[in-house]
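Guided by the hints, dock chain D onto chain S, whose structure is given.
Protein chains: 2
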Amino acid sequence: MLQSTRPQAAQKAANVAIVGATGAVGVELVGCLERRGFPVASLRLLASERSAGRRLGEHVVEAVSIDAFDGVDLAFFSAGASVSRTYAPVAAANGALVVDNSSAFRMDPAIPLVVPEVNGEALPAGPGIVANPNCVTAVSLMALGPLRALGAITRVIGATYQAASGAGAAAMEELTAATAAHLAGEPFTPKVLPHPYAFNLFSHNAAVDPDTGYNGEEEKVMAEHRKILGQPDLRISFTCIRVPVLRAHSMALTVEFDRPVSPEAAREILQAAPGVRVVDDRAENRFPMPLEASGEEDVLVGRIRSDLSDPEGRTLALFLSGDQLLRGAALNAVLIAERLWR
Amino acid sequence: MLQSTRPQAAQKAANVAIVGATGAVGVELVGCLERRGFPVASLRLLASERSAGRRLGEHVVEAVSIDAFDGVDLAFFSAGASVSRTYAPVAAANGALVVDNSSAFRMDPAIPLVVPEVNGEALPAGPGIVANPNCVTAVSLMALGPLRALGAITRVIGATYQAASGAGAAAMEELTAATAAHLAGEPFTPKVLPHPYAFNLFSHNAAVDPDTGYNGEEEKVMAEHRKILGQPDLRISFTCIRVPVLRAHSMALTVEFDRPVSPEAAREILQAAPGVRVVDDRAENRFPMPLEASGEEDVLVGRIRSDLSDPEGRTLALFLSGDQLLRGAALNAVLIAERLWR
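In the order they appear, the protein sequences are chains S and D. With the working numbering applied, the first sequence has no gaps in its numbers, which climb one by one up to 342 at the end. With the working numbering applied, the second sequence has no gaps in its numbers, which climb one by one up to 1342 at the end.
Pulled out of the complex, with its shape left as it was, chain S reads as follows:
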């Protein structure tokens, strides 16, 4: 739990809007604001025309429009890059603090891209747009950020085990339905994702660069690591794979430093890092699992060891699991908002 970043009780309350309120991340945004006691004066839930009129608890969903941000102090966007490109500048021009969960502005040099525990100093003092990173980036950096205390990070190699939630609520439903059909011996035609998902896994479905062979998800993750760490030349490679897990991303990371590093020192640093829970019990064979990370604010970090393929001892191997909808999206956005609204 991130007690230290919780807002003060006496704080002024904000008029909040959530764009994409009916999506998997939108629902978690509402939950995070409530659970963390964010001072909300009013909450406006916005979505596409199609979802307008739908009730979510005590709220009625409204269609997003250029007039929807009047009087809004804080706007969360989680409805895809094109909605963000259209409406986030409108909200910001109306004086709102905007936290955008889409990829629309992440690589814009004028827009801060922030994991609060890692580069909170990049947050602006006044209104404007702040970008929330890709879910893999946000989970990975919860470990990599604090490990910079060991030395400069010179190379990162990652292989991911990504949950269905990264492709939205419909993909989570498709995984469940496809698996039920498989167990019943019935045919199932995937509609949300391009490949069979029951008891299967596949390379992330983002478009693949015909020249480099990296897909769009991997390109995002690599570019965002460089931007948030402030290392434009960081040597980094990711392989992004979707696995039949519902809502937490896992990843195997190989992290090289500019000097020899010890796994014991890494473990101590991670144990003290906010937003991280070390799960690294060699005797009991207990390490991070996505089922245990699901619904947790903390990123689970384990398998912390010296990489035996580096005889110089400059490389660590790690395994992480973090809730894709929380740390990977809604929680990170709310943590940004807590700092902006202070």
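Hint data in this document are derived by calculation from the structure and do not stem from the laboratory. On a predicted model such as this, the values are computed, not experimentally measured, just so you know. All residues carry an ideal CB built from backbone N, CA and C; glycine is no exception. Mixed in with the good hints, there may be bad ones.
Sample of chain S residues with no beta-carbon within 10 Å of chain D, all distances over it, derived [unchecked claim]: (1) Arg55; (2) Val192; (3) Leu201; (4) Val208; (5) Asp258.
Covered stretches of chain S (in silico footprint by chain D; criterion: 3 or more residues with CB under 8 Å from a CB of chain D, positions within the stretch not fixed) [as the list claims (entries may be wrong)]: (6) 40–54; (7) 86–100; (8) 174–180; (9) 210–220; (10) 227–241; (11) 244–251; (12) 329–335.
Just chain D now, with coordinates in the frame of chain S:
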């Protein structure tokens, strides 16, 4: 299909014994021998006392004993390391060619450890024991072996996505039952594996070395790569993870060479390699998937690209899927037998 290694029709037929015939690999051994037209004169199915008397097709399973190998020309062992340690030397002393799928003899310097396409030259001329590698090793080396044509391999980093079958038929049943219970909202207590398996993944359950933090599966895989490649000092690191997939292992590999290498040259080499099928369609986003590899003799190889974290261009990134029960066990064993029996 590996047409070139099929035995000739005019070949002498062998008296064959399979120890562990009722296990997941044992069943596949029987299937592989039939499907590949191995010249079998007689087939003796052996297992523990508990399975004796059980019928498998036209055969009645017998209990393994020191007398069970009389007249046997070729014995496959797949009943765990302790059964192999007890009975494989008995079979070999009786003059049988022994192919052992357990870990009992793999690292014995006197016993060849063989993937036929990679180090077939290590096979002995006469009777004795030959060890079949760990399933991850066998799948990985189907790609790494031929890629040595590009240059010497200097470093390998692997992250695996391992199927339930690696822990036997009972683990496959547990994955199915746990998933059905999860979908029905019913509780399920795992008995075969130590962690919940439905929509979850976890670090391989082999015991973890308290000093290095590597588990027994990873240690096997690393040591076997070194032995089969004949590179006792190969720099190698694996992270072995079990995923909720039934019977094919996948893995993300980072492979460094002693010189710059091109992904195009790698693709050409792999396209010509026996036992490999290149699945690497960037435009259609079609890459290796375990569901497609299941029941296939070939290992699927794709995501072949130059690793962007190596500015010197000496490193390739790959993603593989291979049937754990076939290439990872039964098929590799039968391919060894085909060469031994020629």
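So, going through the hints one by one against the coordinates:
1. Once the 10 Å rule is applied to beta carbons, arginine 55(S) is consistent with being away from chain D; the minimum gap is 25 Å.
2. For valine 192(S), the condition that its CB be more than 10 Å from all CB atoms of chain D holds, with the nearest at approximately 14 Å.
3. Distance to chain D contradicts leucine 201(S) as a non-interface residue, since its nearest Cβ pair spans about 6 Å, not more than 10 Å.
4. Separation of valine 208(S) from chain D is inadequate, the least Cβ-Cβ distance of about 4 Å not exceeding the 10 Å criterion.
5. Chain D leaves aspartate 258(S) outside its interface by the beta-carbon criterion, the shortest separation being 15 Å against a cut-off of 10 Å.
6. Counting residues of the stretch 40–54 of chain S whose C-beta lies closer than 8 Å to any C-beta of chain D gives 0; at least three are required, and the coverage claim is violated.
7. For the stretch 86–100 of chain S, the assignment as covered by chain D is violated, since 0 residues bring a beta-carbon within under 8 Å of that chain's beta-carbons and 3 are needed.
8. With 4 residues having a Cβ less than 8 Å from any Cβ of chain D, the stretch 174–180 of chain S passes the three-residue criterion, so the hint holds.
9. With a cut-off of 8 Å between beta carbons, the stretch 210–220 of chain S has 5 residues touching chain D; three or more are needed, and the interface restraint holds.
10. A stretch counts as covered by a chain when three or more of its residues have a beta carbon under 8 Å from one of that chain; for the stretch 227–241 of chain S and chain D the count is 5, and the coverage holds.
11. Interface restraint, the stretch 244–251 of chain S with chain D: holds (4 residues with C-beta to C-beta distance below 8 Å; minimum three).
12. Counting residues of the stretch 329–335 of chain S whose beta carbon lies closer than 8 Å to any beta carbon of chain D gives 0, which falls below the threshold of three, so the coverage claim is violated.
Checked against the numbered hints above, the structure breaks hints 3, 4, 6, 7 and 12 and satisfies the rest.
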